[in-house]
Every structure is written in structure tokens, then in C-alpha cells.
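Modelling step: build the complete structure from the supplied sequences, incorporating the hints.
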Amino acid sequence: MSEIIVKASDLCVDFDIRSRAFGKPDRLSAVRNANFEIRRGETFGLVGESGCGKSTLAGALAHFVPISSGELELNGVRLTKNSPKADWNKARHGVQMIFQDPFGSLNPRFQVWQLISEPMLLAGEDDEKLLYERAVELLGLVGLSEKDAGRNIFEFSGGQRQRIAIARALSVNPEFIICDEPTSALDVSVHSQICNLLLDLQEKYSLTYLFITHNLALVRHLTDRMAVMYMGQIVETGSTDEIFDSYAKDGGESLHPYTRALLSAIPEVYPTPGRERIILEGEVSSPINAGDSCRFAPRCRYCREECKSAPIAGREIGKDHVTCCPYFG
Amino acid sequence: MKPECLRIRGLKVVFHSAEGFIKAVEGVDLDVREGECVAIVGESGCGKSVTGLSMMRLLSSPPAIWRADELSYTTRDGELIDVRNAPESRLEALRGDEISMIYQDPSSALNPVMSIGAQIEEIYKYHTKLSKKEARAAGIEMLRRVGIPAPEKRWEQFPHELSGGMKQRVLIAMAMALKPKLLIADEPTTALDVTIQAQILSLLSDLCKKEGTALVMITHDLGVVRSVADRVYVMYCGKIMEQGSCSEILDRPLHPYTKGLIASIPALGERMKRFCQIPGNVPNPAAKPNGCYFCNRCSAASDICRERMPALREAPDDPEHRFRCHNAGGSENE
Chain A
16 MSEIIVKASD
26 LCVDFDIRSR
36 AFGKPDRLSA
46 VRNANFEIRR
56 GETFGLVGES
66 GCGKSTLAGA
76 LAHFVPISSG
86 ELELNGVRLT
96 KNSPKADWNK
106 ARHGVQMIFQ
116 DPFGSLNPRF
126 QVWQLISEPM
136 LLAGEDDEKL
146 LYERAVELLG
156 LVGLSEKDAG
166 RNIFEFSGGQ
176 RQRIAIARAL
186 SVNPEFIICD
196 EPTSALDVSV
206 HSQICNLLLD
216 LQEKYSLTYL
226 FITHNLALVR
236 HLTDRMAVMY
246 MGQIVETGST
256 DEIFDSYAKD
266 GGESLHPYTR
276 ALLSAIPEVY
286 PTPGRERIIL
296 EGEVSSPINA
306 GDSCRFAPRC
316 RYCREECKSA
326 PIAGREIGKD
336 HVTCCPYFG
Chain B
362 MKPECLRIRG
372 LKVVFHSAEG
382 FIKAVEGVDL
392 DVREGECVAI
402 VGESGCGKSV
412 TGLSMMRLLS
422 SPPAIWRADE
432 LSYTTRDGEL
442 IDVRNAPESR
452 LEALRGDEIS
462 MIYQDPSSAL
472 NPVMSIGAQI
482 EEIYKYHTKL
492 SKKEARAAGI
502 EMLRRVGIPA
512 PEKRWEQFPH
522 ELSGGMKQRV
532 LIAMAMALKP
542 KLLIADEPTT
552 ALDVTIQAQI
562 LSLLSDLCKK
572 EGTALVMITH
582 DLGVVRSVAD
592 RVYVMYCGKI
602 MEQGSCSEIL
612 DRPLHPYTKG
622 LIASIPALGE
632 RMKRFCQIPG
642 NVPNPAAKPN
652 GCYFCNRCSA
662 ASDICRERMP
672 ALREAPDDPE
682 HRFRCHNAGG
692 SENE
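Taken in order, these protein sequences are the chains called A and B. This note's numbering applies: residue 16 is where the first sequence begins, and numbers increase by one. This note's numbering applies: residue 362 is where the second sequence begins, and numbers increase by one.
Simulated from the structure, these hints should not be mistaken for lab results. Be aware that a few hints might be false.
[To be verified] In the EDC-like style, the derived pairs of lysine to aspartate or glutamate whose C-alpha atoms are separated by at most 20 Å in a straight line are:
#1 B:LYS634 to A:GLU331
#2 B:LYS649 to A:GLU170
#3 B:LYS620 to A:GLU18
#4 B:LYS514 to A:GLU298
#5 A:LYS96 to A:ASP29
Structure, rendered in C-alpha cells:
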């Protein structure tokens with residue numbers, strides 16, 4: 016088994032929301048008791064609907080969102096709520112992010128080569144000629160050319176901007192890249208280009224990716240293992256092949272009811288014959304002051320009385336396959 | 362075949378911008394027949410939304426300058442209206458009553474300082490003679506039909522108190538309130554999550570089937586097209602590249618762009634090593650290439666493709682299926 020690069024144990028992220036002037040503030044638990052590990056060289060997919068806490072979790076790994084409790088092991092450094100900044104900096108070395116919106120994540124006042132080399136500048140490299148050369152090299156790597164180095168960001172299309180964002184992330188030779196919905200702001204015909212680029216770079220530099228998306232089809236083809244999140248809780252983790260194969264085989268009898276509903280809701284160009292489309296009732300409820308019991312229970316068609324009170328717990332149902340539903344699997 | 366309720370011939374839209382004239386739509390011919398669902402598919406900037414807006418003459422001019430050889434709408438009573446030069450008051454009476462629209466972003470389509478109820482009431486106030494009380498009853502019934510729980514309570518609430526999916530339901534309720542003959546939905550599910558998208562799509566197509574409403578679905582998602590559309594128009598850079606029945610286009614596409622678009626959507630089946638991709642980017646609308654607009658990204662492009670824009674021609678076995686390509690489907694016989 017390969018080396019573990021990220022390991023989260025009961026990781027929680029809470030936000031206090033003060034809606035009244037006095038009294039205890041409300042607690043929004045954005046990530047609740049997350050347990051998962053990411054191995055070196057793999058692509059780990061994190062899926063869920065908007066507002067389920069995927070990006071917050073990514074933020075916790077990159078430490079721009081503080082964790083509230085639990086433990087995180089990043090690059091072999093154990094981190095908790097009270098870890099000193101030095102520990103975080105040590106652990107974060109070699110972690111980079113690619114954001115969803117290349118129109119918002121790149122500073123329009125910088126030239127392209129400055130954008131790309133800025134992380135190196137922050138890492139202590141200040142020879143301008145060297146920075147420029149490295150930026151040009153990276154541009155070639157992501158399919159752009161040297162003449163783009165001196166241009167401004169507004170001259171580029173969405174796909175090209177995302178390539179620049181990828182080059183920027185690669186500039187400090189990271190081992191682990193967090194991709195937060197890197198394709199969702201792009202046109203359909205450009206999606207595949209960016210995905211292929213990510214795959215090529217992974218092969219070349221044996222990168223580890225955390226791939227956050229709500230597009231399950233991308234998860235299918237890009238990731239080795241995946242986790243499904245619902246309202247701050249990770250409801251299922253397992254090998255991507257196993258989850259999709261078991262869905263293809265029997266409509267996901269052995270999967271968590273939410274994973275099953277999510278898979279069945281994808282509008283496909285070539286629908287699988289005989290596939291039952293599960294249309295979930297209702298909407299995601301509020302995560303404010305939500306507890307430890309199954310948060311999917313109000314929308315679950317198999318919900319039992321215990322589901323509403325008992326705290327959820329992960330249960331191993333196969334090699335590497337953990338579900339939080341006590342009844343399926 | 363059912364009669365047409367909307368007929369567009371040679372629609373051209375140009376925007377005047379700092380970079381010069383931008384041709385957003387270049388000669389679109391489009392028909393919508395009664396009760397059918399037509400999908401307009403394309404990437405951002407291809408002119409699909411502009412086409413949708415011009416159907417109701419909603420483009421503000423300037424900056425838009427538009428021309429059409431024909432733009433006619435047949436009302437419920439069989440009256441033929443020339444949308445190009447009908448008086449504004451006549452169109453105003455049609456909008457919201459016979460032709461209605463659903464927009465992409467439900468949060469900006471609703472007025473944040475008016476309650477849901479007041480906004481729905483407006484439709485009845487302008488288009489019917491119902492009293493306030495009757496309008497309320499009809500509106501609440503409509504909210505119930507689109508699956509909003511406790512509609513009496515929602516009636517008093519404001520848009521910020523509703524989730525995205527609920528707001529989109531309210532918009533659908535408003536659009537369908539007077540049983541329109543034509544409903545134009547501009548990316549109605551793009552801002553929503555997959556599970557909510559599934560709810561909204563099935564709701565829309567059920568309602569339209571029940572009321573016999575023709576639906577124009579503007580989208581970039583071919584999966585959505587498959588689940589609702591009867592006929593499809595594929596647009597690229599302001600031109601229709603391919604058109605035909607939904608099954609024909611998705612199962613036997615002829616145009617390289619349609620093929621590429623379909624191939625670049627990963628299926629859920631076996632894991633692929635790489636993604637099929639269309640090389641290059643959508644061209645800048647102010648500087649489109651000579652000849653076929655797709656020629657720079659097309660693997661089958663030949664010299665003629667770089668010189669001349671191909672005409673829309675019929676597929677050999679299906680006259681309904683038309684495409685714009687020099688090379689696909691056998692050589693051109695002019």
C-alpha cells in the first residue's frame with residue numbers, strides 16, 4: 016500500500032453565527048467528523064452538492080479555514096486546532112490549490128509570468144531572470160507559449176486562464192494539489208482539455224490530487240477513490256470503480272441511499288437502460304445546529320426511527336469501502 | 362405533424378461594442394411546433410440566449426441591432442402575429458400570458474423586495490380579470506402544483522427565505538400560471554444541484570405535456586437535452602450547425618462539432634484513460650475565422666472549409682436532420 020499523504024480523523028469545522036446580540040451564537044457545522052485518507056500518487060474525489068462543505072474541507076487542508084476539533088495528518092505532520100503556525104507551514108509545504116473560477120483567482124494587475132512565479136517569490140526565490148525562465152518553462156508545460164508570458168490575464172479565455180492557474184500551482188513543485196471544481200466554470204468542449212492536462216501532469220510528476228466536484232462523470236474517470244459528502248458529513252468512501260460498478264450492476268443496492276440517489280440523478284446522453292431515476296423529495300435542510308445523527312434522514316426513503324437520533328458511524332463493508340448507513344451495504 | 366406556433370427565418374443579431382460589430386446570431390431559421398420541446402444547445406457565447414430573447418423581442422436596441430426575414434407567432438386564437446413590427450402593447454399582452462420565460466438564475470429573476478405572493482398576483486392582475494382573492498387562490502394552487510409544501514405560508518415570504526430550487530419552482534409556477542402556449546426556458550437548471558435539477562426537469566416536462574405547452578429549452582448540457590427534448594438545434598458561433606430530432610442528433614450526429622461535444626461528455630460506464638477533447642477554444646466573436654467557424658478546431662477540415670461557410674443541407678436518409686458541413690455525410694451535391 017502506498018504512503019499516506021493526508022489523514023483526517025474526526026475532523027470538524029464549525030462556524031459561529033451570531034444572529035442575536037446576546038446569548039450563545041448558533042453553530043454551523045460545515046464539516047462534521049470527517050474521516051478519510053489520501054494516498055500518495057492517487058486522485059481522491061470529493062463529491063457533493065453545493066453547500067455540503069466540500070470546499071470548506073479543502074480549505075481546512077490548506078489551512079485557510081481553521082479546524083475546530085479532530086486531527087489532521089498532512090505530509091507526516093500531526094496537526095490539531097492548537098498547532099503552532101510553524102507546524103502548519105511545514106506541513107503545507109508542497110500543497111497547492113487550483114480554484115474554481117479562473118476569472119476571480121488570478122490578479123488582473125499582474126502579467127502572466129508574474130502570476131505564475133509569485134508562489135516561488137513567496138518561497139524565497141528572488142532572481143527575476145530565474146523566475147521568468149521558470150514561468151516560461153511552465154507555460155510550455157500547460158500548452159501555452161513564451162509570447163503569453165508578458166500578456167495580461169484579460170486577454171485569455173476561461174480555459175487558458177485555468178491553464179495559467181495550473182502553471183502557478185505547479186511552480187513550487189508541489190506533491191499534493193487540491194483542485195476545487197477546476198472545470199465547472201469552463202465550456203463543455205474545454206472541460207476535457209483541462210482534465211487531460213491534469214492527467215498528463217500527474218503522470219509526469221507523480222502528483223496527488225484531491226479533486227472536488229459535483230460532476231460525478233468526472234469523478235468516474237479521473238479518480239481512484241472517492242468520498243461522498245452530504246451536509247458536512249462524509250456518508251461514503253470507497254474505490255471509485257467499486258462504487259460505480261456496484262451501481263451499474265444492481266442499481267446500487269449496496270450503496271448508501273444518498274450515493275445511489277446522486278448517481279441516478281445525473282442526466283446522461285446515453286441513459287443506461289432500465290435505470291431507475293430516484294427523485295429525492297425535499298431539499299437540503301439547514302446545517303445550523305445540526306447534530307451528529309444522519310443528516311440525510313429527512314430525505315431518505317428508507318429512514319427509520321433510529322436514524323433521526325443515533326449518531327452516525329462509519330462501517331467497513333469491503334476493502335477500503337466505508338459507509339455511514341447502518342442498513343445498506 | 363402539428364402546426365407551427367413560432368417561425369423564425371433568417372434572424373440576425375449584431376451588437377455594437379467597443380471592439381466593433383459583434384455578430385451574435387447569423388441567420389438562424391428555427392421552428393417551434395405546438396406542444397413540442399425544442400432544445401437549443403451550444404457553448405457560452407454561441408448566441409443561444411440571444412436567439413431565445415429575440416423570440417419575444419426582448420433584446421434592448423441599442424446595443425442590439427436585429428433583422429429577420431420572418432418572425433411570426435400564432436396565438437391561441439389562431440391569429441398570426443408578426444413579432445418584428447407588432448406594437449409594443451400587443452406584445453406586452455402576450456408576454457407572461459401566452460409566451461413566458463424562465464431564466465437561468467432564479468435569485469436575480471425575482472424581485473427581492475416583493476413577497477412571492479405579490480409577484481405571482483401581478484400576473485393575474487395584468488392578464489386576467491380575477492379579483493385579488495381569486496388570484497391568491499389560483500396562485501396558491503399553482504404553487505402547490507409545482508410541489509412547494511405549505512404554499513399558504515410561502516405566499517407571504519420573500520425570495521431570500523427560499524432556497525435556489527424553491528425559487529426556480531416559484532418561477533415555473535409564475536411562468537405556467539396562465540397556461541402559456543410557448544415557454545422559453547433559458548438554462549433553467551444550470552444554477553441548481555444535480556438532485557434538484559432532476560426534480561425541476563421532470564416537473565417542467567410533466568407540466569408542459571399536461572398543458573400542451575411548447576417548450577424551448579436553452580442549455581449547454583446534452584444530458585438535459587436527452588431527458589426532455591423532441592428536437593434539437595446545435596449552435597456554434599451564431600450559426601446553427603446541426604438540427605434534427607433528439608434521437609437522430611444524439612445517436613447519429615453528422616457534424617464534427619456535435620460529435621465532439623457528445624464525445625467530450627464522459628459517460629458513467631467503464632473508466633477511460635483519457636478524455637476525448639475538442640482542440641482549441643471557441644473563437645472570439647469579434648474575430649471569427651473565414652469559412653466554416655469550426656474549421657480551426659475540426660480534425661476533418663479541408664481547404665474548402667477554410668474558404669467557404671457550408672450551407673445547411675439535409676441528411677441523406679432524414680430530411681428533418683440537417684447539418685452544416687462540407688465533408689460529413691457524403692460529399693456536397695449542389
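Verification of the supplied hints:
no., hint, in the structure
1, B:LYS634 to A:GLU331, "violated (29 Å)"
2, B:LYS649 to A:GLU170, "holds (16 Å)"
3, B:LYS620 to A:GLU18, "violated (41 Å)"
4, B:LYS514 to A:GLU298, "holds (17 Å)"
5, A:LYS96 to A:ASP29, "holds (12 Å)"
The structure fails to meet hints 1, 3 from the earlier list, while all remaining hints are met.
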